[in-house]
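Participant: Order-wise, the sequence lines are chains P and G. Position one of the first sequence corresponds to residue 0 (numbering that gives the first Met the number 0), numbered consecutively onward. Position one of the second sequence corresponds to residue 0 (numbering that gives the first Met the number 0), numbered consecutively onward.
Careful, some of the hints might be misleading.
To be verified - Straight-line Cα separation of at most 25 Å, SDA-like style, residue types lysine to any residue; simulated pairs: (1) P:Lys204 x G:Gln74; (2) P:Lys187 x P:Phe334; (3) G:Lys128 x P:Gly417; (4) G:Lys128 x G:Gly157; (5) G:Lys128 x P:Asn143; (6) G:Lys84 x G:Gln74; (7) G:Lys84 x P:Lys187; (8) G:Lys162 x P:Val166; (9) G:Lys162 x G:Gln74; (10) G:Lys128 x P:Val44; (11) G:Lys84 x P:Leu192; (12) G:Lys128 x P:Phe421; (13) P:Lys187 x G:Gln74; (14) G:Lys162 x P:Gly417; (15) P:Lys204 x G:Lys84.
Just so you know, these hints were derived from the structure itself, not from any lab.
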Amino acid sequence: MQERKDLSDSQINRDLLWPVLSTPLWFWGLLLGLGGVVAVAGGAVGWWMNRGPGVAGINRPIMWELLIITFVFWVGISHAGVMLSAILRLTQAEWRRPMVRAAEVLTVFSLATAAMFPLFHSGRPWRTMYWVFPYDFSRGIWPNVRSPLVWDPSAIFTYLTGSALFVLITLLPDLAVLRDRTTGIPHKIYSILSLGWRGTPRQWKLQTLAGILLSALILPVFVSVHSIVSWDFGMAISVEGWHTTVFAPYFVIGAVHSGVAAVVTMMAVMRWLFRWEDYIRAEHFDAIGRLLIVVALAWFFFFALEFIFSLYLREPQEVAMRQLQVFEWPFNMLFILFILTAFFIPVPLWLFRKVRRNVALMFWTSILVNIGMWLERFLIIVPGLARKQAFTFDWSAYRPSPIEMLIVIGSFALVCLGLLVFSKIFPLVPVNEAKEGQVLKADIQVGKRKVPAIVREH
Amino acid sequence: MAERGVLGLFSDVESAANAGTALREAGIEFEVLSGSPYPEGAFSEHTPPHRLYVFPFLGALCGFSVAILLTAGTQLAYPLVTGGKPVLSIPPMAIITYEGTMLGAILFTVLGVVFESRLPRPIVGLYDKRITEGWIGLLVVGEEGLLGPAERILRQHGAVEVKRG
C-alpha cells in the first residue's frame, strides 16, 4: 500500500487498543441509546409472543412479513463479511488488513440476528423444538429433511459456527497483546482467552494457515447458505416470481452486494468513531469501491436474468405478478426506489476515483445500496405472495404493523450494539495484521521513484 | 513446572537475527517469541513440521458420517412414501450432508490449529510483555550447563536484557 505510514508496534498497540483500554463518554451514550432501542424491540417481541402473529400486518395469502424480509436481508449482510475476508486472505491482498476482522464480526452478529427472525415469525418459538431441534424422540416425530425449512437451520448453524470460530482463532494473537496491556481481572480474563499465546514462529505460521484453510472452507459454505435461503422461496413452486432457476446465484450475488456495502459503512463508522485514519485509509475505500462496482454489475446481470427468464414464457400469471411488482402502487414506487438506490445512483458515482476516496460519499452510497437491497427482498416476497392464490378474492394487501417495524428497527440496533460491545472487548482492526503489514513493508527504488515491495510468505 | 531457561530480549530485528544465527552455529536450540509474524527462517530458527492438513480431512469424514446417519436415520425412522418415490431422498440428504461435512472440517481445523500451536498453555513461562511492543525474544530452554553459553551469546549479540527463569 503506497499510503501506509511508518508506525511502531507500540504506536499500533496504542492506536488500535484505545477503544478497549479506555472508555470515552460517547460510548456510554451509544450503549444506552442502542440498548434502549433493543429493549423496546424486545418488548415488541414479547407482545408478539403474547398475542400471536396476528399483531403483524399479515393478511392471507401474505403470511410472510417484515420479519422474513429482514431475515433474508441480515443473512445477506452476513455474507459479505466472511466472503470478503476469505477472498482477501486467499489472494493475500494487502488492503485486507484493516477490514478483515470488522467484516468477520459483522458476519457473526448479523447472522445471529437473522437466525432470530424465523423463530419470532413462528409466533411460538419454543415449539420450533418439535420441528428442528432437538428431535422429539419420545413421540417418534422427526423433522422432514426434505423441507428447505430444515436445510436452512443446518446451513445457518454451520455458517454461524464457522464464522464465530474463524473470528476467535484469528483473535488469539490480539488477545495476547491485551493480556500484556491489562492488569487485575481483565488481565486474568485475557490470559485465559489468549490460551497462553507467546508468538512463536510455529504459532504465527499456523495462524496464517488457519486464515487460509478456514477461508477455503467457509467460502463454499457461504455460497451454500444463501442458495439454501433462496430455496426457501424457490421450492414453493406455486408462488410466481419465486422459482426462476437463477434464484440461488441471484440471491448469493445480492447478498454479496449488500454485504460488501455494509462493510464499507462499517469501515467509515470505525474510522470516524475511533479516529483510525492511519489504518483505514482512502486507498482502502478506493479498493473496496472498485470491488463494489464489479459486484454490483454482476448482481444487476442476475437481476436482469431473473426478470427475462420469468417473462420469456409469457405465462399470464407470471406476467401479472411482474406487472404488480413494477407498475402498480405502492410497489411501483418501491421498485423505482429500489433500482435507483441499489444500482443506478451508487454505481455511476463509484466510477469516479474522487468519490471512491471520499469517505463520506462512500458511507452514504453504501447506505443507499442497503436500502435498495432491503427493498429488493420486500419486492420479491410481498408481491409474490399477494398473487399466490388463483382466486381474486384471496388477493390481499399487506401493511406492516408498528410491532413489526419496531422489531426490524431493533434488529439494526442489536447488530450495532453487538459491534459496539465487541469493540469494547476486542480490537476491531487486527493488531497483528497491522504489525505484519509494517514488517513486510519495504521500498524498492525504480528509477527515480520508490515503490512498495510486498514480501509474502507461502 | 516452570521451565528452566534464558530469554534474551532484543529491541531490533537485526541483532535478534544475528544472535539466532550464533546460537544455531553453537548448536543451541532456541525459540523465537515475537509480537508479529516474520518470514520463516528470519532468525535462523528451526520450525518443526506440523500436521494441520490432516485435521480438516478427518473432520470432514466425521461430519459426513454423522450427517448421513442423521438424514438417512430420520427418513428410515419415519418412512413417508411420497408419490411412490424411494424413502431416502438423495437431493435433500446431499444438502444436509454437505453442511455436516463442512461443519466437521471447520471444527477439526480449529481444533487442529489449537493443538498444533501447542495451546492452551496454562503457564506462559519465560516471557516479557515488551514482546508485544515490538521486541524480539530468543528463548533457550535446557540444562544449566547449556544456559550459561546461551546467555553469553545473547549478550554478545546485543540483547538489551537477559532474563533467567
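Participant: Confirm or reject each hint.
Facilitator: Evaluated hints:
A distance of roughly 44 Å separates the Cα atoms of Lys204 (chain P) and Gln74 (chain G); the hinted pair therefore is violated under the 25 Å criterion. For the suggested pair Lys187 (chain P) and Phe334 (chain P), the alpha carbons sit about 54 Å apart, so the restraint of at most 25 Å is broken. With a C-alpha separation of about 30 Å, the suggested pairing of Lys128 (chain G) with Gly417 (chain P) is violated against the 25 Å cut-off. This hinted pair checks out: Lys128 (chain G) and Gly157 (chain G) have alpha carbons roughly 19 Å apart, not beyond 25 Å.
Distance restraint check for Lys128 (chain G) and Asn143 (chain P): the Cα-Cα separation of roughly 55 Å exceeds the 25 Å cut-off, and the hinted pair is therefore not satisfied. Pair hint Lys84 (chain G) plus Gln74 (chain G) holds up; C-alpha atoms about 13 Å apart against a cutoff of 25 Å. Distance check on the hinted pair: Lys84 (chain G) and Lys187 (chain P) sit about 59 Å apart at the alpha-carbon level, beyond 25 Å; violated. For the given pair, Lys162 (chain G) sits about 34 Å from Val166 (chain P) by alpha-carbon distance, which is inconsistent with the 25 Å threshold.
For the given pair, Lys162 (chain G) sits about 64 Å from Gln74 (chain G) by alpha-carbon distance, which is inconsistent with the 25 Å threshold. A distance of roughly 47 Å separates the Cα atoms of Lys128 (chain G) and Val44 (chain P); the hinted pair therefore is violated under the 25 Å criterion. Between Lys84 (chain G) and Leu192 (chain P) the CA atoms are separated by roughly 52 Å; this puts the pair beyond 25 Å, and the hint is violated. About 24 Å separates the Cα atoms of Lys128 (chain G) and Phe421 (chain P), which keeps this hinted pair within 25 Å; it holds.
Distance check on the hinted pair: Lys187 (chain P) and Gln74 (chain G) sit about 49 Å apart at the alpha-carbon level, beyond 25 Å; violated. The hinted pair formed by Lys162 (chain G) and Gly417 (chain P) fails the criterion: a straight-line CA distance of about 42 Å is larger than 25 Å. Restraint check for Lys204 (chain P) and Lys84 (chain G): not satisfied, since their Cα atoms lie roughly 51 Å apart, outside the 25 Å limit.
Hint check: violations occur at hints 1, 2, 3, 5, 7, 8, 9, 10, 11, 13, 14, 15; the rest are consistent with the structure.
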